[in-house]
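Asker: The chain contents come next:
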Amino acid sequence: MTDLITTPDKGLDAHLVVDRGTFRLDVELTAAPGDVVALLGPNGAGKTTALRALAGLARLTDGHLRLDGAELDRTPPESRPVGVVFQDYLLFPHLTALDNVGFGPRCQGATKAESRAIAAEWLERMGLAEHAGVKPRRLSGGQAQRVAVARALATRPRLLLLDEPLAALDARTRLDVRAQLRRHLAEFEAVAVLVTHDPLDAMVLADRLVVIEQGKIVQEGTPADIARHPRTDYIAQLVGLNLYKGSADGHTVTLDTGPVITTTEDLTGEVFVAFPPSAVTLFRDRPTGASARNLWHCEVAGLETHGDQIRVDLTGELPLAADLTTVAAAELDLHQGALVWAAVKATQTHSYPT
Amino acid sequence: MTKLDTSDAAAETLKGGPRRRRVRMTGHGVPLPLLVPALVGLAFLLLPLLALLVRAPWRSLPSQLTSTEVWQALQLSLLSATLATAVCLVLGVPLAWLLARTEFPGRRLVRALVTLPLVLPPVVGGVALLLALGRNGVVGQWLDSWFGITLPFTTTGVVVAEAFVAMPFLVISVEGTLRAADPRYEEAAQTLGASRFTAFRRVTLPLIAPGIAAGSVLAWARALGEFGATITFAGNFPGRTQTMPLAVYLALQNDPEAAIALSLVLLAVSIAVLAGLRDRWMTTS
Amino acid sequence: MTRSARRTRRTLQVAGAGAAALLALSACSSSDDSSSSKSDISASASPKMSGTVIVFAAASLKESFTTLGKEFETAHPGTKVTFNFAGSDTLAASITSGAPADVFAAASPKTMAIVTDKGDGVGTPVTFVRNQLEIATLPGNPDKVTSLKDLTRSSLKVVLCDKTVPCGAAAQKALTASKLKLTPVSYEEDVKSALNKVVLKEADAAVVYKTDVHAAGSKVEGVEFPESADAINDYPIVLLKNAPNAVAAKAFIALVQSAEGQKVLSAAGFLKP
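As they're listed, the protein sequences go chains A, B and C.
In terms of the numbering used here, the first sequence has 292 at position 250, counting the first letter as 1, and numbering is strictly consecutive.
In terms of the numbering used here, the second sequence has 235 at position 234, counting the first letter as 1, and numbering is strictly consecutive.
In terms of the numbering used here, the third sequence has 1586 at position 133, counting the first letter as 1, and numbering is strictly consecutive.
Hint data in this document are derived by calculation from the structure and do not stem from the laboratory.
Here are some, though not all, of the chain B residues that point toward chain C, as calculated from beta-carbon distances under 7 Å:
| hint | residue |
| --- | --- |
| 1 | R136 |
| 2 | F154 |
| 3 | Q254 |
Here a beta-carbon is modelled for each residue, glycine too, at the ideal position from N, C-alpha and C.
Whenever a hint applies, use it, and build me the whole structure from the sequences.
Answerer: Shown next, in the form of structure tokens:
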């Protein structure tokens, strides 16, 4: 579908460097028209800075920004073909939904009547036709979000930026709006970049994830890729995996911290080893004659409900997270400070080169 | 804290401090320490006005009011105050924007200087204006020799003097509103294709309109009542520079009844205008 | 320590004082001590007197009365003379509204009558000097003003006192007598304001008193005009009925009328009564 090598002048080609003294952002982003890229990362990682740099609201200290072949890094935001959906929407309070959406086309030169027609079309597409004459303070969260998206799209941008598009919504509305947004992004023909800290939003809405930590890209790939092969603690926690780094020698991986894990893969050199909390079995007494080669003596550091399961946070020989049913946890009489044995089957581990 | 605890606590408050709770609960019981000074303050402001009405020469009022001087002065006052307010708007709103939205060295000093006309005795202000814009003034002499424009003794001079004393009211009011307004709306407008000025015009201005309205009303009222700077800078000539306050003052010396009549006219007109703008003035959003 | 009158001709301050007096003092005047005033001509031989004497005087008397005030304080240690100089009409209005004062010296019988008609004066006012009008022009008289008629030139910016002020009334009298129509650029509320407009070079000429031209020194140039002889103002002085310090007040009035007082006033340019 997209071939970056044969059509180099279409889509986004950016190297964003923003130096703020104490913080430095240095990321490279490329995307083809039609791509939806999610920038994922913890707070303070620099995702919003990257977004503002793409929009022109923050100046680049270095690097470049090319959109469809045109150099944009010196262009002011009003001249960039970039649309932004802000985290709290920033719908103009004194204008109706219709005039909000029509604002962009008016700035582009359309007459009042023309811009209103364009706006009406977009609101229709969003299913908000009957709210056209309503002021933003009367709109619900979900409606306001859709108006914000329509407003950004009405200018026909070549790059759509979304800053935490679902963060301001409650859980129920989020489901519906996420589904709708997914459809709109799928239809969108140019590049879309969204910033989020919610992995589910990222995985549902984006084709590609770019994980940023402390101003640098630490991993990028498809959601599936990243979920299966996390490269940092943050990502591992995000996708809910236990992650370790070590040195592999055949089926044995010696972790940097000491313990040894047996895996099914046959590798050499620096590797990551990951397994989900659900793959961990806990015993009160050391099991004998078990098939699990991976066995460690641990102490319970904390207990938390996780959905309808209990997540046990273990320290000791190997720090782990284990998921148990409430019944199992009760039977084992787990409490803070309890000593247990944790076992993982080699077949349930997954190791891959760094 | 369990549910039982909190309801017990509530019950105790009801029992223990009934008087205090009652006042807070009913809502229309104003606490005495606030009510008494408030009423005194109100009386303080209203008493002179009432005295004016009570002692007004109602019988001779019609004949007093038919003099041309009265209507000349009134017309001039209304015209000059409105023009002065317009000047304040054109110059003051951008100045307020500069103070609220930009950073530059010495900004605090500039803000203090902007409020100077507030503390300056009006006559001193008038003298200062003469020294600046008078025939021999620092800038005035160039106005005179290059453009043949003289400001003292003209109606334009009245507008200038009134604008000088009224401007701080507008600037302070608008600056306050601008600070409270979210600058991110302007960013949003920019991403939609609006230049900084278009964003100001179509997004910021409507948002700060209430602040501008309030500032304008204050400025207009101040300009209308100005005396010292006007008489010093523009002089006193019926129909050209004799505003209502000047007319009242001069009349007071030898014809107090005429002075009262003039004051009543000014009062009536002011109340009509201010009451008409009441809604805009009171609401802040 | 002498404290010269700090009251400037700021009209607002005077108006404010008048208004404050209105509010502060009751409308009904208190009964006075009706000791008849014997005008004591000699300024020497003074009985023990002390306290403050408050003198409301026409603006044109500023320089000369200030000098006399100092002489009075030197002659009577323990006394202090405080002045309020403003347009006579303004002062008269303040007095009738109840402003506390001992002596009133006006620039015209008309403005004095405002006070005496209300019964606020003691006895009959006495004329102590006369003042004659003079034209004040810019230093060097660049516009070559030589007569009252010259002031009617349309190119000149002329300032007059308002008709309600004695100086203005006199000017109108002179103009009417010579059948001249003069449209000034401004009618000022006291003679010092009018003079100041010329001093500040805002106006080209003003019709003020000889004494004002004298007092302004090199800042203005004076041009006498014959028509002024027809509009000489008599300056009356009177002790006020509610004078807080009648004894010292009488002594001050005596000083003004004495040979010494007259010497100071003549030196300033006033005409003998």
